[in-house]
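Peer 1: Sequence:
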Amino acid sequence: MSELMRYKGRRSLITGVSLEPGQIYKIDPLDRKYGRNGFWVEVSDGKDKCRCPYENGDIFLSNWEVAEPGTR
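Using my numbering, you'd call the opening residue of the sequence shown number 1 and step up by one each time.
Hints are computed from structural coordinates only; laboratory data are not their basis.
All values reported here derive from a predicted model rather than from experimental measurement.
Where is the CB? At the ideal position from N, CA and C, for every residue including glycine.
Watch out, some of these pointers could steer you wrong.
In silico PhoX-like links for lysine-lysine, alpha-carbon gap of 25 angstroms or less [as the list claims (entries may be wrong)]:
| id | residue 1 | residue 2 |
| --- | --- | --- |
| 1 | LYS33 | LYS8 |
| 2 | LYS33 | LYS49 |
| 3 | LYS47 | LYS26 |
| 4 | LYS47 | LYS8 |
| 5 | LYS8 | LYS49 |
| 6 | LYS8 | LYS26 |
| 7 | LYS49 | LYS26 |
Beta-carbon label-pair distances, calculated as ranges [said to hold, decoys possible]:
| id | residue 1 | residue 2 | range |
| --- | --- | --- | --- |
| 8 | GLU68 | ARG36 | 17 to 27 angstroms |
| 9 | ARG6 | LEU30 | 26 to 36 angstroms |
| 10 | LEU30 | VAL66 | 14 to 24 angstroms |
| 11 | GLU68 | GLY35 | 30 to 40 angstroms |
| 12 | ARG10 | ARG51 | 29 to 39 angstroms |
| 13 | ARG11 | LEU61 | 11 to 21 angstroms |
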């Protein structure tokens with residue numbers, strides 16, 4: 001399952017993908033654990049992809065929000 005989400009964290013450069021606040025990215029959860037309760041997601045800007053670890057769902061949701069349908 002992938003989902004379009006709006007980034008609301010701080011501007012970041014992660015493995016060649018520039019995450020900009022307010023921009024929409026495609027998020028794919030990966031079947032890979034991070035630490036005890038964490039997880040990894042793959043983030044795509046339409047051209048490039050990067051993988052980001054999150055320690056828990058609260059930290060993930062502090063950086064991402066679901067994009068409204070029809071936005072890009």
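Peer 1: Does each hint hold? Answer for all of them.
Peer 2: Evaluation of the provided hints:
1. LYS33 to LYS8: Within the cut-off at roughly 23 angstroms; holds.
2. LYS33 to LYS49: holds (19 angstroms)
3. LYS47 to LYS26: Since the Cα atoms of LYS47 and LYS26 sit roughly 11 angstroms apart, the hinted pair holds (cutoff 25 angstroms).
4. LYS47 to LYS8: Status holds; Cα separation ~20 angstroms.
5. LYS8 to LYS49: This hinted pair holds, its Cα atoms lying about 18 angstroms apart.
6. LYS8 to LYS26: holds (14 angstroms)
7. LYS49 to LYS26: holds (9 angstroms)
8. GLU68 to ARG36: 17 to 27 angstroms: violated (34 angstroms)
9. ARG6 to LEU30: 26 to 36 angstroms: violated (20 angstroms)
10. LEU30 to VAL66: 14 to 24 angstroms: Given range 14 to 24 angstroms: holds, Cβ gap about 19 angstroms.
11. GLU68 to GLY35: 30 to 40 angstroms: Holds, since GLU68 and GLY35 (Cβ atoms, about 32 angstroms apart) stay within the stated range.
12. ARG10 to ARG51: 29 to 39 angstroms: violated (18 angstroms)
13. ARG11 to LEU61: 11 to 21 angstroms: With Cβ atoms ~19 angstroms apart, the hint holds.
The structure shown violates the earlier hints numbered 8, 9 and 12.
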